[in-house]
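Could you put the whole structure together from the sequences, leaning on the hints where they help?
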Amino acid sequence: MKKIILALATSAAVLGFSVAASAQDKTKICFIYVGSKTDGGYSEGHDRGRQDLEKALGDKIETAYLENVPEGPDAERAVERMARSGCALVFTTSFGFMDATIKVAQKFPDVKFEHATGFKSAENVATYNARFYEGRYIQGVIAAKMSKTGVAGYIASFPIPEVVMGINAFMLGAQSVNPDFKLKIVWANTWADPGKEADAAKALADQGVDILTQHTDSTAPMQVAAERGIHAFGQASDMIAAGPKTQLTSIVDTWGAYYIKRTQAVLDGTWKTGQIWDGLKDGILTMAPYTNMPDDVKKLAEETEAKIRSGELHPFTGPVKKQDGSEWLADGQVSDDGTLLGMNFYVAGIDDKLPQ
Amino acid sequence: MGMLEAILLTVITAATPLVLASIGELVTERTGVLNLGVEGMMVMGAALAFSATQLTGSPYLGILAGIAGGALFSLLFGFLTLTLVANQVATGLALTILGLGVSGQIGEPYAGMSGAKLQPIEIPVLAEIPFIGPLLFRQDIIFYLSIAIVAGVNWFLFRTRAGLKVRAIGDNHASAHALGIHVIRTRYLAVMFGGACAGLAGAQLSLVYTPQWVENMSAGRGWIALALVVFASWRPWRVLLGGYLFGAVSISQLHAQAFGIGIPSQFLSALPYAATVVVLILISHNRRTTLINTPASLGKPFVPDR
Numbered sequence: 001m002k003k004i005i006l007a008l009a010t011s012a013a014v015l016g017f018s019v020a021a022s023a024q025d026k027t028k029i030c031f032i033y034v035g036s037k038t039d040g041g042y043s044e045g046h047d048r049g050r051q052d053l054e055k056a057l058g059d060k061i062e063t064a065y066l067e068n069v070p071e072g073p074d075a076e077r078a079v080e081r082m083a084r085s086g087c088a089l090v091f092t093t094s095f096g097f098m099d100a101t102i103k104v105a106q107k108f109p110d111v112k113f114e115h116a117t118g119f120k121s122a123e124n125v126a127t128y129n130a131r132f133y134e135g136r137y138i139q140g141v142i143a144a145k146m147s148k149t150g151v152a153g154y155i156a157s158f159p160i161p162e163v164v165m166g167i168n169a170f171m172l173g174a175q176s177v178n179p180d181f182k183l184k185i186v187w188a189n190t191w192a193d194p195g196k197e198a199d200a201a202k203a204l205a206d207q208g209v210d211i212l213t214q215h216t217d218s219t220a221p222m223q224v225a226a227e228r229g230i231h232a233f234g235q236a237s238d239m240i241a242a243g244p245k246t247q248l249t250s251i252v253d254t255w256g257a258y259y260i261k262r263t264q265a266v267l268d269g270t271w272k273t274g275q276i277w278d279g280l281k282d283g284i285l286t287m288a289p290y291t292n293m294p295d296d297v298k299k300l301a302e303e304t305e306a307k308i309r310s311g312e313l314h315p316f317t318g319p320v321k322k323q324d325g326s327e328w329l330a331d332g333q334v335s336d337d338g339t340l341l342g343m344n345f346y347v348a349g350i351d352d353k354l355p356q
Numbered sequence: 001m002g003m004l005e006a007i008l009l010t011v012i013t014a015a016t017p018l019v020l021a022s023i024g025e026l027v028t029e030r031t032g033v034l035n036l037g038v039e040g041m042m043v044m045g046a047a048l049a050f051s052a053t054q055l056t057g058s059p060y061l062g063i064l065a066g067i068a069g070g071a072l073f074s075l076l077f078g079f080l081t082l083t084l085v086a087n088q089v090a091t092g093l094a095l096t097i098l099g100l101g102v103s104g105q106i107g108e109p110y111a112g113m114s115g116a117k118l119q120p121i122e123i124p125v126l127a128e129i130p131f132i133g134p135l136l137f138r139q140d141i142i143f144y145l146s147i148a149i150v151a152g153v154n155w156f157l158f159r160t161r162a163g164l165k166v167r168a169i170g171d172n173h174a175s176a177h178a179l180g181i182h183v184i185r186t187r188y189l190a191v192m193f194g195g196a197c198a199g200l201a202g203a204q205l206s207l208v209y210t211p212q213w214v215e216n217m218s219a220g221r222g223w224i225a226l227a228l229v230v231f232a233s234w235r236p237w238r239v240l241l242g243g244y245l246f247g248a249v250s251i252s253q254l255h256a257q258a259f260g261i262g263i264p265s266q267f268l269s270a271l272p273y274a275a276t277v278v279v280l281i282l283i284s285h286n287r288r289t290t291l292i293n294t295p296a297s298l299g300k301p302f303v304p305d306r
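Protein sequence lines, in the order shown, are assigned to chains A and B. Following UniProt numbering, the numbering of the first sequence begins with 1 at its first residue and continues without gaps. Following UniProt numbering, the numbering of the second sequence begins with 1 at its first residue and continues without gaps.
Source of the hints: derived by calculation from the structure; they are not laboratory data. Hints may contain errors.
Unchecked claim - Restraint ranges, calculated between C-beta atoms of paired labels, are given here:
{"hint": "1", "chain 1": "A", "residue 1": "150", "chain 2": "B", "residue 2": "2", "range": "19 to 25 Å"}
{"hint": "2", "chain 1": "A", "residue 1": "302", "chain 2": "B", "residue 2": "259", "range": "47 to 53 Å"}
{"hint": "3", "chain 1": "B", "residue 1": "123", "chain 2": "A", "residue 2": "322", "range": "51 to 57 Å"}
{"hint": "4", "chain 1": "A", "residue 1": "327", "chain 2": "B", "residue 2": "237", "range": "36 to 42 Å"}
Unchecked claim - Footprint (simulated), chain A over chain B, 3 or more residues, beta carbon under 8 Å:
{"hint": "5", "segment": "5-12"}
{"hint": "6", "segment": "110-118"}
{"hint": "7", "segment": "207-214"}
{"hint": "8", "segment": "253-263"}
Fair warning: this is a prediction, and the values are worked out from it, not measured in the lab. Where a beta carbon is used, it is the ideal one built from N, C-alpha and C, also for glycine.
Listed below in structure tokens is the structure:
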């Protein structure tokens, strides 16, 4: 009897684990996703990058991935399993895999690791991230132009610096158009639970927001926005299919170029640790087409994007006050990356209290 | 539409899958079988319902696929625990893991698609009642079914001869067997009823709640349903109450956040669990009635002597 249960459990475990190719002489590049590779959002973005990598270097490398790996103690086992299975380079693609990655990396000094969106690196652990806040600033500009109620709703996941930074960037973008713009924030305390995300979207819509933006992974909020006849921004992937008349634009993660560059470095033996933080100009994120908006808003969005690309505009440029009224950035002063990566305060104009 | 009405509509959508999965598990547990695979059966129902709807274009065939899928999947649990007398806890857990994996495979071709929402059915005259009408009588068929099933189960368990047999098996399977009641056959039926209800709950997730398929989309609702059964001390109407209470507090906390009342969101997120447990414990505080309601042979294997 125990054998049957064991067989069941093993087969279930195997189902979550796929290996794309299995030639022995190829270098193995591995990925760990927090969600499903078809989540329509964040993890799908990383999987698009993996597929780009296979297309570009498929004759020299093979890829493997683990999906739906929960953040927490399970993550360490997943990372270790990858390291043990002969991966030369392991991309751990979610913030919550940070400590697990560092811990496993100590045990496997010959394996290279790259951790997305974190801040801990080591001899064999590099970090990489995209300046998503650039896209969120543009969204804020569009939101303030498009909103009739002057209030946008923000579905947030967890109060980590990455998310807080996004909220602040969105607000600064909106304030550049309408200094009195308001933001209602709901923390879902999950990355992907379509039901809860939909509930949050409904709650915000019921309270009079007419623009929704999300930092969670499913298309459920987009569906709710479509149903209620309001506008929304997609997250991580182009979500236009879920709201053809609803989506204004979406920040699309395009990790492919980075994955190819780093894999090539491993193949050449030139890989080095580092802390990479690329932006719109590097192509690590792109904006989905600006849709469902009048031409003047579209033009303003495109101009804002061009200014950010050229470096003329940094979303976090003073004068900016913190929520408590104290000065954060003096006139013309640009925030340093360290403050952004550890961001634990709201900018002035956000009424809500940041959960600590 | 007023704010309260809007909130209550959201609550109904959030509570229905919990109520459905709980009432199914309640019947299973009333026969003395503990099936921890609710989460797995629910997510299978969600995947099958969405796939079948996409394939056939009919959400009603989708609902049937969800129900049938949940029931068939639970049959695997039944075979392992009732015929092969495997450990119920371990098998139930395995069923959940298996369900999460298999449903991912089934749903993969349909991931990222937006499905059409199951349309509400308006009940003539009643739907015109102000306030209550749009809330309770302009709903989709799964909501009506959920209420009917709770009422039906309550009637069946406490008003029919067959229901008495079910409770007898749950309390003491050896005595029930000695009286000539078919213990294993009844348990098979109860397990499949539990599977069918969990499958229907899953169909509600992928056709009504959020008309799409996302892996793991049940997101722990099966576990909440399991807990509700225990805290409702195996009483059908209390399961309904518990499900709606949980839904109401979950939605209220989102509204509280959007209002910006300044209470930490982590605390608010934990509130539905705490509130539901406290209320159900309070109404079930009489230890004697609780003992009477607890199926005494819950989780214990039964091998009929031949």
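Hints, one by one, checked against the model:
1. A:150 with B:2: 19 to 25 Å: 22 Å, holds
2. A:302 with B:259: 47 to 53 Å: 36 Å, violated
3. B:123 with A:322: 51 to 57 Å: 54 Å, holds
4. A:327 with B:237: 36 to 42 Å: 59 Å, violated
5. 5-12: With 3 residues closer than 8 Å to chain A, the segment 5-12 of chain B meets the three-residue bar; holds.
6. 110-118: holds (count 5)
7. 207-214: The restraint on the segment 207-214 of chain B holds, since 5 of its residues have a Cβ under 8 Å from chain A and three suffice.
8. 253-263: holds (count 7)
Figure legend: structure checked against the earlier numbered hints; hints not met, in rising order: 2 and 4.
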